[in-house]
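Colleague: For reference, the chains in residue letters:
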Amino acid sequence: MAKGFWNRSRKKKGAREVAQPGYVSRSQSQMIWRAFRRHRLGNIGMVIIAIFALLAIFADFFAPYPYAQQFRQYPFAPPSSLHFRSEEGTTVRPFIYATQRTVDPETYAPKFTENRSVKYYIRFFVRGADYKVLGLFKSNIHLLGAQATDGTQAPLFLFGSDTFGRDVFSRTIHGSRVSLAVGPLVVLIAFPIAIFLGGVSGYYGGGVDMILQRIGEVFMAIPGFPILLAAGAALAGLGLSPVAVFLGIIIALALISWAGTARVIRGQILAIREMDFVNAARAAGASDVRVILRHIIPNVTSFLVVSATLTIPGMMLTEAGLSFLGYGIREPMTSWGQLLNGASNIAGIETHPWQLIPGGFIVISVLAFNFMGDALRDAVDPFSIT
Amino acid sequence: MLTFIVRRTLYMLPLLLVVSLISFMLIEIMPGDYLTKMKTNPFVTQQTIAEMAKRYGLDQPPLVRYWYWFKGILTRGDFGTSFETRRPVFYTLFEGGRLMWTFIVSLTTMFVTWAIAIPLGIYSATHKYKLSDHTLTFFGFLGLSFPAFFFALVLLWLLVGVFHVGQHGLGIGGLFDNRFIDAPWSFAKLGNFLWHIWPAWLVIGTIGMAGLLRYMRASLLDTLSLQYIQTARAKGLSERIVIYKHAVRNAINPLVSLLGLSLPNLVSGSLIAATILNLPTVERAFFSSLTAQDDYVIMGALLFFSLFLLIGNLVADILLAWVDPRIRYN
Amino acid sequence: MKRLIVILAALTAILMIPVAVSAQGYDKQPADAVIVPLGVAGTDYAALEPGVRGGTVYVGTISNPKKWNAVTAHETSTTQYTNIMQPGLVNLNPITAGYDPELAKSWEVSDENKVITFKLRQGLKWSDGTPFTADDVVFSFMDLYLNEDVETDTRDVLQLPDGNFPVVEKVDDYTVKVVCSVAFRPILNSMTANILPKHKLEQFVHKLHPEVAADAFNQVWGLDTNPKDLVGMGAFMVESYTPDLNVVMKRNPYYYHYDPKGTQLPYLDKYVVLTVASQDVLLLKYQNGEIDCFAPRPQDIPILKPEEKQKNLTVLVNKEMPGFGTTWVVLNWDTQDTKYRELFRNLKFRQALAHLFDKDTMIRNLFNGLAVPQWSPVSYLSPYYAGREKYAGPVTEKNAVVFPYDLEKAAALLDEIGLKDTNGDGYRDFADGTPVEIELNTNAGNTTREGACLIIADDAKKVNLKVTTAFIDFNVLVNRLMGQEDYKAIYLGLTGGTEPHSGANVYMSTGGLHAWHYSAATGDITEVEKRVDELTNLAAAEFDLDKVFEYYKEYQIILSQDLGFLYTINQAFVYSYYNRIGNAQVASPNATPSGNNGLTMDFIFRKS
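Chains as they are written, first to last, in the working numbering: chain A, 2 to 387; chain B, 51 to 380; chain C, 517 to 1124.
Do not take every clue at face value.
Said to hold, decoys possible - Restricting the straight-line Cα-Cα distance to at most 30 Å, the calculated cross-link-like pairs of lysine-lysine (DSSO-like) are:
| # | chain 1 | residue 1 | chain 2 | residue 2 |
| --- | --- | --- | --- | --- |
| 1 | B | Lys89 | C | Lys855 |
| 2 | C | Lys936 | C | Lys914 |
| 3 | C | Lys855 | A | Lys139 |
| 4 | C | Lys723 | B | Lys89 |
| 5 | B | Lys89 | B | Lys178 |
Think of the hints as simulated: they come from the structure by calculation, not from any bench. All values reported here derive from a predicted model rather than from experimental measurement.
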């Protein structure tokens, strides 16, 4: 998909290119792309993010169950063990057995025993709970499910279940929506503010610059995490729905993070403003808006892209931290941070460690974003020797 | 330089004022107040709660309360009294060596991080794109990717559940084993402190490690591509001397400002780790005041964190001018 | 010459020893000492054993003390220390939950039950050696608890039904009289209030010393007070405090409890409370052997149980003994929407809802099996619990009011009151066609309450009743519960105690926490509420405990049948201790008031 995008851009610009044998003229973005492609870790990161994004967008389809569905007979059920072999022989299609939960009267430790009479085969495209694809079309097809030959279903817990018997795998997939959205949404709010205020400040200078700089400094003087906690506590009190609390947290994160970016943009614009090509554009009669949009912004784009990629993982971790302290995403809504927080106790680690799997998703996606950002940073630096 | 410092210091005052206003606003939006929790206690009557509200000034409108608080600072240098402890705000925040421990924990963490990250950064830069470079980067980022609360808890669990440190008489969390908490300082106590502090270094340190390593790597790579390095090489100097004597010295300069910028993190960047590792820090006092809605303690803590942030920025600027004679303020 | 000096010095030193010892405690056991009959057959303490002196016991807690002032304290993080330092006239028996004489030797009720005369123990001393007299008792009540300048919530429990306060008078140095304007049995419960040293604190009381500010006493004995200045009569005194790390308490050399062998209690030299930021770290520290005893959460039991043998510890699981307090769902009878108001006031609807509570699932899933269903407003441990045969009798539960989990019955009741799905959306609607939707609130972050709400909502769906859940900030929830904001249903809990009268603020129609029906206070009173008010007053004025039990039995049964609160479940008491600690097996919620952590600090000891 990404490749197509870059190809298209080459075609469009290609109209002005003069094809010469042995010579390939490349646009800046092509050069960056080529440099980026050389970073293996960066590429892996990008692929992982793309996969996660797909999972998030079509979460209802990929997850066997809705995130709030409880299988109450199965609190803290371990991951379903997939069988291939039974007395009747080996099958290609894996199957599971339904389990029965008993509690040891001595130790109070729960035990799950398999009932080997009925095999529930893992099937693709099974009918389950209703949902809407992209909020538009109704569907009830889920990628996976465990179904016996007579059509009855048994709960399939690929990652085990939580205290209410909710499927951790389904919740992880649904939770990716929040976790993956936090970073980009913060960037989407903070960066336009930063670009606008930083741009105006840097381009016009003088009194406007003075005032905007002072405003920025106030926001930079706010201690980030402590004030986020206070904001989380305040938000909690407005009696909002979990979605509104989530958006509130995003806005708070954006508010405390725009000022730093705005300052850098201002600095860059101050430098670019005095460059010859900008003067030339101005002399040619270009309007301020045109100069900013066509000549200056493209020069800070690479900085913005890199900075955005590196901001996102930080925001994901911040959200996880807020959830841990109880000021983040609220039940029954879920995020990876909240899932991990629910499992972050000794019982979670010792007796039902499968609950920690969402933590792996946090680590992997933060790593992926960081590698991608790191690779992009190297790629956009024209002076780096690669 | 002195006028620059004085001007910047004076300039902090209006900034802190605005921060205090924002903090107060947030506290006001928070639902209920310090006394709300008491309302569900069947043993306490509403009348008593109303009397207490009056005693604490909680029956006054917010603006009036802000004004009294502000006036107290101006006239008496009084930042308010904690509802919980009935002691001054800064006593409640800093009591019993909390301030000192906050600095000790964070300064040692910073020192350890730098002592590890800088050499690794140099190694990474001189072994660019080799397997070892990639490995270092990978582990650096891996450390960065673990949510601190999870990392800290798993670490403690490993110590207890897997390594059974208790069988060797070693404790977990906090600053000392039980027998050392109230003992006078000795080498044994220092050793015990080191045993308790290393998880903090690990948990808090790994967060900054990857960034610092990458900065050092990039900075050194930039420097190595400069012409004077080529000259030095051309003169036939050994690679060791070129790198350590010529390149590294200059490559470290821009990092000095990072030192200042990380100052605020020292007082407000490790709340989660401190909570699980049970470290007596100012942030933990802040968090417990937040959950108790001890208004003036929250205000005091936010101002304190904010002040540190500003001082950190100032120190960063000063350090930068100090190591790089080309930079002049005024 | 030199030798002579050495000999003289040595002699002086030897002579000084007895002097030093006597300055460290009583010369001999005071005549009125409390003898704890440890191991004496036929007493409550028969199952225990006399211990050995010396050693330290470590426990953990999760918050710092806020002050050392027992009068102005209103959080257990503080009272867990002050209750050890300063005992009251009477004390709760940690084993039977009855009242034991503490600083008082005995008491007598006279003048139509309006006067209680306490005989105090003689020869007792404060921890600084000052003798204890009736003046300290009168000072504590009249100049502290009943002094309007002093900020204390103890005043509330001292208030008599007619609005007056008792008067505490000195008869002689070792006799005090508590005079009430009306007969009020629960006043005895209030006599557990800590007694403070007059000689130390008098100087800070504005009433006695007008030169000090009116607010002066409220600032006294803060965390910055030198622990040497803290004086009490309890088993241990605070020796040092390090914020976020620990509180060290050392034995009071003047403690007046002795074991049958004549050994002065407490056995321990020191009692150290480690401050730990979270329950999980507490568990780890316990597993690591750093603390000796702690109260695990139900989820921790499967972790600790298998370690019992190997680590030589005991996990005490008493499924029959839930803690104090109640957990319930409340419907707002005064909600703004009249349709819901009518619905919630319909007993059949409340019964239908009660039949929807799958308590077994809640216990299994949320408490790992370590909880019990609850039905009564009075705590299980109270001698007045209606599940008992008689006052303080064995629990048989034959009076229990139970609404078993029964979806069919719930559905039938809902049908009966005319809630049917008329618009075909799968959920029941009012008779006029407006959909029924009840939002159930609880405080966000409390996993077990959130879980219980999710289970209830899920079951309601099975009978086509739409119940949604919304988890909100605790303080917002409290505002709703207090009637300051509208709500429909709330899941919450309240603390409790052994004395049922402490629930008067909740269950009486005029109570400030009469959460389901505040309008009852303004005349909109039901028959049940009238009877509850009557019974509460009767029980408060009655001193014959068997009669009191009968009053409270009826009170509990009608309240539970009326379903103002729809009770859910209550966590069982679980405790764990290393076997190196002696006498820890009687740990129980009863012991909590006299020393947190469920232990009775008096007589636990460290086995050598």
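Colleague: Can you name, in rising order, the numbers of the hints this structure does not satisfy?
Modeller: 2, 3, 5
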